[in-house]
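Please build the complex by placing chains A, R, X, U and H on the supplied structure of chain Y, with the hints as guidance.
There are 6 protein chains.
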Amino acid sequence: MPFPDLVHPALGAYESAVTMPADFAAFWQATIAEARTIGGTVSMVPADTTLKLVEVFDVTFPGFGGHPVKGWLVLPKAREGRLPLVVQYVGYGGGRGFPHELLHWAASGFAYFRMDTRGQGSGWSTGATPDPVGSNGQIPGVMTKGVLDKQDYYYRRLFTDGVRAVDALVAQDFIDPERIAVCGGSQGGGIALAVAGVDDRVKAVMPDVPFLCDFPRGVRTAGRDPYGEIVRYLAQHRDKADVVFETLRYFDGVNFARQSRAAALFSVALMDDVCPPSTVYGAFRAFAGSDKTMVEYEFNNHEGGQTFQDRRQMVWLAERFRP
Amino acid sequence: MPFPDLVHPALGAYESAVTMPADFAAFWQATIAEARTIGGTVSMVPADTTLKLVEVFDVTFPGFGGHPVKGWLVLPKAREGRLPLVVQYVGYGGGRGFPHELLHWAASGFAYFRMDTRGQGSGWSTGATPDPVGSNGQIPGVMTKGVLDKQDYYYRRLFTDGVRAVDALVAQDFIDPERIAVCGGSQGGGIALAVAGVDDRVKAVMPDVPFLCDFPRGVRTAGRDPYGEIVRYLAQHRDKADVVFETLRYFDGVNFARQSRAAALFSVALMDDVCPPSTVYGAFRAFAGSDKTMVEYEFNNHEGGQTFQDRRQMVWLAERFRP
Amino acid sequence: MPFPDLVHPALGAYESAVTMPADFAAFWQATIAEARTIGGTVSMVPADTTLKLVEVFDVTFPGFGGHPVKGWLVLPKAREGRLPLVVQYVGYGGGRGFPHELLHWAASGFAYFRMDTRGQGSGWSTGATPDPVGSNGQIPGVMTKGVLDKQDYYYRRLFTDGVRAVDALVAQDFIDPERIAVCGGSQGGGIALAVAGVDDRVKAVMPDVPFLCDFPRGVRTAGRDPYGEIVRYLAQHRDKADVVFETLRYFDGVNFARQSRAAALFSVALMDDVCPPSTVYGAFRAFAGSDKTMVEYEFNNHEGGQTFQDRRQMVWLAERFRP
Amino acid sequence: MPFPDLVHPALGAYESAVTMPADFAAFWQATIAEARTIGGTVSMVPADTTLKLVEVFDVTFPGFGGHPVKGWLVLPKAREGRLPLVVQYVGYGGGRGFPHELLHWAASGFAYFRMDTRGQGSGWSTGATPDPVGSNGQIPGVMTKGVLDKQDYYYRRLFTDGVRAVDALVAQDFIDPERIAVCGGSQGGGIALAVAGVDDRVKAVMPDVPFLCDFPRGVRTAGRDPYGEIVRYLAQHRDKADVVFETLRYFDGVNFARQSRAAALFSVALMDDVCPPSTVYGAFRAFAGSDKTMVEYEFNNHEGGQTFQDRRQMVWLAERFRP
Amino acid sequence: MPFPDLVHPALGAYESAVTMPADFAAFWQATIAEARTIGGTVSMVPADTTLKLVEVFDVTFPGFGGHPVKGWLVLPKAREGRLPLVVQYVGYGGGRGFPHELLHWAASGFAYFRMDTRGQGSGWSTGATPDPVGSNGQIPGVMTKGVLDKQDYYYRRLFTDGVRAVDALVAQDFIDPERIAVCGGSQGGGIALAVAGVDDRVKAVMPDVPFLCDFPRGVRTAGRDPYGEIVRYLAQHRDKADVVFETLRYFDGVNFARQSRAAALFSVALMDDVCPPSTVYGAFRAFAGSDKTMVEYEFNNHEGGQTFQDRRQMVWLAERFRP
Amino acid sequence: MPFPDLVHPALGAYESAVTMPADFAAFWQATIAEARTIGGTVSMVPADTTLKLVEVFDVTFPGFGGHPVKGWLVLPKAREGRLPLVVQYVGYGGGRGFPHELLHWAASGFAYFRMDTRGQGSGWSTGATPDPVGSNGQIPGVMTKGVLDKQDYYYRRLFTDGVRAVDALVAQDFIDPERIAVCGGSQGGGIALAVAGVDDRVKAVMPDVPFLCDFPRGVRTAGRDPYGEIVRYLAQHRDKADVVFETLRYFDGVNFARQSRAAALFSVALMDDVCPPSTVYGAFRAFAGSDKTMVEYEFNNHEGGQTFQDRRQMVWLAERFRP
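Residue numbers (full-length UniProt numbering), protein chains in the order written: chain Y, 1 to 323; chain A, 1 to 323; chain R, 1 to 323; chain X, 1 to 323; chain U, 1 to 323; chain H, 1 to 323.
To be clear, the hints were calculated from the coordinates, so they are not data collected in a lab. Take the hints with a grain of salt, since some may be wrong.
One copy or two, either will do: identical chains are not told apart, so a pair holds if it fits within one copy or between any two.
As the list claims (entries may be wrong) - Straight-line C-alpha distance at most 25 Å; calculated DMTMM-like pairs for lysine to aspartate or glutamate:
#: 1; residue 1: Lys-52; residue 2: Glu-80
#: 2; residue 1: Lys-292; residue 2: Asp-152
#: 3; residue 1: Lys-52; residue 2: Glu-298
#: 4; residue 1: Lys-240; residue 2: Glu-101
#: 5; residue 1: Lys-77; residue 2: Glu-303
#: 6; residue 1: Lys-292; residue 2: Asp-239
#: 7; residue 1: Lys-150; residue 2: Glu-303
#: 8; residue 1: Lys-150; residue 2: Asp-199
#: 9; residue 1: Lys-240; residue 2: Asp-48
#: 10; residue 1: Lys-150; residue 2: Asp-173
#: 11; residue 1: Lys-77; residue 2: Asp-48
#: 12; residue 1: Lys-240; residue 2: Glu-296
#: 13; residue 1: Lys-240; residue 2: Asp-310
#: 14; residue 1: Lys-240; residue 2: Glu-303
#: 15; residue 1: Lys-150; residue 2: Glu-298
Same shape as in the complex, but just chain Y (with noise of 0.2 Å):
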């Protein structure tokens, strides 16, 4: 099949023109700092399981604007010591689910949370997180959710979210704060990008085929949703493509990645129509932390590696965080 992006060598070598704004970091500061002024409290409930082999609490913690976002939280019932903590973002559309879905990091040893998604959780996997906030007129979907505006736009919200999930699980006593791994496959890996750009307490980051990196390049290279979703928004807004490209660059993975310092164990898929290679790169080449590796599957589109994924990030887990 055609590749749909560029292929080596000018893949590896390209690099992203998204351009960093001069208040980047000032923005997400100030942003983080507010959800945490405004703060809430954090329940955990023991959930009613078969499982036998770990434990499962149904959490809720202030996110975004003190609002109650949802999560599994899984831990080895055989366990002595602090965890490290592996918390999962989860793909577009998708909601955290049941906790007996994923249980691999659980039974390797770790501290598991996955963190539910605001206003999604119904396109392939159940969620139970409202977003409390409106929107403009949009397409459907949340690409261009409060596009218009930084301050509005809805992965504000929830790159938040992200970091107030870590916030909230560093505090207890059975998690080891100097080991927070942050995963996720397509947008979960975005969000992954986000947090570890901004909170330096998250040591290791593993973003699949990861979304939200060089939206110029991938809105006009993509050739499926949801990027599709602004293209379509830019169809109609025919007049509204420089605010909707500044708000974005705001909320781009290349700009994350200049920031982070953690170790990253990146994937990319070669024929990925959703998330093209090439903003992979551009992310991935811009990621300032030092050990970093790039996994590729040649012949994959944007399912990228799965399972063969998932062992690898394991093995490369368990090497740097001895769980």
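Same frame as chain Y, but now just chains A, R, X, U and H:
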């Protein structure tokens, strides 16, 4: 091409099984009363266009929650006395667009108002009206936005906007309050039915291939979106069907039709797989007014009668309102 | 979404390789002279509509071969002096429709004429004009109708109709012969370019995402019909490519553009895979007039600028023709 | 896969509701008489091929209006006495192609004639016969070409060509006029039925998955073109359904079948969504001859029996015509 | 969306017309006896993973013909006494994948075995088990592999592997032979039904949206593959329908269901066009055991209940097997 | 339509990067020698048809492993002396069909043999030849059947069958061993190239739009199957790309072309997205024979030249073999 739904004689004999909630009228009276209590101001700013035969005003009026809602008001420049009014609501995903787009009502001697649709206005025409209210997790689009509670459902706000548009215009001295018509295609037809069902100032209603009628059947019969949004939501939220259909009863065009006494000109397309013809006939048959006509387009899908139906409406309404 | 064709800077620099036949001008002079010699009568019958601000005439004029061609003429009822004229040609498959469909030109003070398209008028709007001339074996559609000989090609008749429409209207005493504009989208834009290229009475031309430009490139670049009709024809008639492309040179918008001195407002959509943007730029760059402007819609496919472009045209033409 | 139409026992019991015009026979007698009166000459030019076992002639004969129609005549080189004749008509969009394409009839001892299709011959095989007659506005294709008047309808010309082909061949001294068979698939089957219905020289007819039968049902049942051309026409020309179906009665295979006494070998495919099986059974059941057989292919779509049916035909016709 | 098959009440009342061959039981007894006679050795090699809460073994056991078949065995590390066993079979095209993929059964205290699928394991997950037996000409896939003779049919080998997997595990001292369950989705559900139908050691069976049930109806009702493989085969091999359906009787889940006495938890999706709901109900209604439950998912296609059904199964089986 | 691959001049200049294994010739010599050693008997049974100008034999010959392989042999009944032979191999998924399907070679004075394809013969024509050899887990189809080892790969058997067909026929006394040609389209063209590359009795080869050439490029360029089977295999078996491409080197038409000295008539279609034109040019350029011609079809997809190319072949081969 095969018909996607019932054909005659079963089609004409079809009666919707949608049930009327005991508190349906009360729910809507309370909703509209609450919006009127909140109130707000109406502004009408002359628009800068090249149009010389009509006057155009960029209108902002207070809708549900007092939220500002936009619309274009177009008046024939050559006029005398109070004008009959046609309010048009817009189909799914669209917005009010530009004032020069639809001039045939004003050119026929009517005051014409095209109401913007909150939070939409991006899919096939542009709008400028936000929906400042958030939502539970949902399928992209508005069909499941707030659907878990009738108080939160998106269409509670939009239908209320529809009534408040009439409030805003009927107060103007150039409008004849005895000659108010509402119309629209697809979603716009659904809104028109709702407004005609709760507001007896409306003397004529012209729903074309109306959407939002007979939800239980629409969801199980339509081959394409937007009814499919509800299917996809329930395909994930497998435990929410009862609560969803309970909410939808309060927004069903069949129930609004049961309450309306206006003169009515419906249209239906027999190959429509977006708004299946039985759902339209379900509303038509339930329609309580005695001056009602159905126009059928046997070989059309959801585009329905288009300009043929415009022409039909122009003649039909001119006979009744004598502009 | 990926761009289907050249992007800037290559796009702006693109020069069409279409060659000009030595007898191009002579061919068209002879063709038009022949049609004028055959002649015929123009009839203008007032149409029965509800419209009060405009007068509508059902016009029949003699086109190519003296064949009767229909059109709607719409005049502002409130007018004084001679009116500037806008003639609009219709896109592929459509016809003149109903007179109430497009009123913005008349509402802006122009005489507006929408010419029917012979033998089409069935695909997305209705027409009432036959094409009484037969054809060689062909692909369904008109792209290969008579394509084996430039004398027989369908567009020889249709372009001639376009000039004869101007003939019919310029003779009316309510039209100002110094203020003639032609316009149209897609096929309509191609006809407009052709008429502007052979008739110097035309002072302004407004082709939107014009079709029928730079055939050799369009046939090899467009991802969808109608250029695909030619591809499918040549896929069967594997021995006819030379004769087909020889015919098409005489009908290529690039060659008409090389001959026109009118003021021009083009539009192009960069994601257009029906009329690839390089083919539009090929005509634009070749356009011989000095007052020429290109409006770009980066994120649109063949729908182009739609009502945004209408608004742009209304302002642009009002500045030049001062209705 | 789901069946797109009736299944047994309803299928076998289906009777078409197509009505027979009182002047059906008179219309066709007049049409054919008129063509014979116009007359014209038949030419047979030996073709230059590498074929050694057969003789090939490039035939031109006068069809409807005396228009020249092409065909390939293939004769076994080793022959004695007069030959039985098989005339084949071609499916929608195709033409006579090359003479080497179909040799099994000549190789079995028949004179074989493949008639070209006027104005088609470009979609899946090539033809060389123009249709010199024009048309009203139409949908691309021939289904609505002239459909507003039975005198103008395209198939009036094509069916007449089919009879005139028999006229041309039966006059040759190497043909046995008592052993004339006609055949064809899809449109070719429809032509064969028409010819067998108006020309009693035809002693055997072999329609495979015939098209052009039971138009009212075909138009409302077929999932794909060409019946869809009529649907699309009526979807625009919303006021023309009555006149269109009135025309089609004169061209319906069901009515031709009611008039034919030839031996008949039909085939039908139960998953055919181009020529729905009930339309084929409608013609079969109406077929007036007593020696009639239906071959069913349960799991085929419109490809029908293909080479299985060829083999069946070869045996069936050999039994009757003993070449 | 329209339902692709029967709905209630016809759905619940549907009885399959599949007939039981007189030698059905004998055929399967002989087949399994033959495989046991050939025998072979079972190997269990500890797998190298990061998983700490479970033990994983890479199992190879002798299947049909003694051919080596792979599987993953996962045991809770913290365990006491013999474990109840869950054997899962895999859906069409997939393989056993990696052991970390599905941990919820082991995490709930069960021994869990996921059997690889011979000759598949490439479409959506990977496998490592060849099918060393060849085939007649066939449609790509396994549905027609050897279908001309019940002795050669692919599923004779695969179903036998399913029984031999139970043989291999029941012999281990950590397994409780009184608590054996089998499960699987789609093809996996069909295998589970087959194993439960011939092996009375199986005390519980959990088929989700099972495939391979009621072939005659599935082939004529399903809108998508794999049933379509059989349709395409018969569309070419037009003379083989009888022999194919005769073979399939010996592999039909309806017939296996008639023989099973296990407790059963079925699931069905009413919008499933891969395994139409009537085929599932056909098997459910025929199921001979008295402790049987059907879980319905009204708005799902072939994905069925997914994690909702997992959760349901975990509770249902825990009640019966008390791990 | 856009070209899916290189265009001229890059196309004509393209050189394949496929490398030749050092043991390529040895591998094939050993393979063929082994098959000849196993041997087997050839049977030729007169077939019962209605055909009178030709004789037809149902041939069974021993292929790879001595497995019986079928074919139709068609001879002109009127013949004298030994006949030149054309062996045709069949495209992907098809089989030998019926003998009456392709008669133009026999009708031109050649002995014509159409070889069946083991284990295929179900997709678009029927076959009667099993492939008695099994496979590792694979993608449906034959492209990955045994691909992990060159000894097991499906095409090792099929190409050997192709040589053994020549063995079977050249031994007949009515065949002239000095006039042997092989041909085929797509997969058939790939087989023809392979046979011509290992068997110097073949004096002419006519590959049309050949498949199985330049695998590394085909897999990365083709937009449709069957190359896509390999992509999907590698998308799951992410760790097997090296071994797969190592196997494929031994079956690459480019390498066979490097070894052939026959006269060659290639054809290529420039819009072919099944067998991309660069892969065909890769083989053509590598072809070692000096009498080689490429026929180009610019506007065709994988259907290529069809009957135009048949005609071309008939003339080209008649010039060389003078039947």
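Going through the hints against the structure:
1. Lys-52 to Glu-80: both (17 Å within a copy, 13 Å between copies)
2. Lys-292 to Asp-152: neither (33 Å within a copy, 40 Å between copies)
3. Lys-52 to Glu-298: neither (39 Å within a copy, 32 Å between copies)
4. Lys-240 to Glu-101: between (41 Å within a copy, 20 Å between copies)
5. Lys-77 to Glu-303: neither (32 Å within a copy, 32 Å between copies)
6. Lys-292 to Asp-239: Result: close only across copies, 22 Å inter versus 40 Å intra.
7. Lys-150 to Glu-303: Close neither inside one copy (30 Å) nor across copies (30 Å); limit 25 Å.
8. Lys-150 to Asp-199: Within one copy, since 20 Å is at most 25 Å while 40 Å is not.
9. Lys-240 to Asp-48: between (49 Å within a copy, 20 Å between copies)
10. Lys-150 to Asp-173: Neither: 36 Å inside a copy, 42 Å across copies.
11. Lys-77 to Asp-48: both (15 Å within a copy, 22 Å between copies)
12. Lys-240 to Glu-296: For Lys-240 and Glu-296, only the inter-copy Cα distance (14 Å) is at most 25 Å; the intra-copy one is 36 Å.
13. Lys-240 to Asp-310: between (40 Å within a copy, 18 Å between copies)
14. Lys-240 to Glu-303: For Lys-240 and Glu-303, only the inter-copy Cα distance (18 Å) is at most 25 Å; the intra-copy one is 32 Å.
15. Lys-150 to Glu-298: between (35 Å within a copy, 23 Å between copies)
Hints 2, 3, 5, 7, 10 from the list above are not met by this structure, while the remaining hints are.
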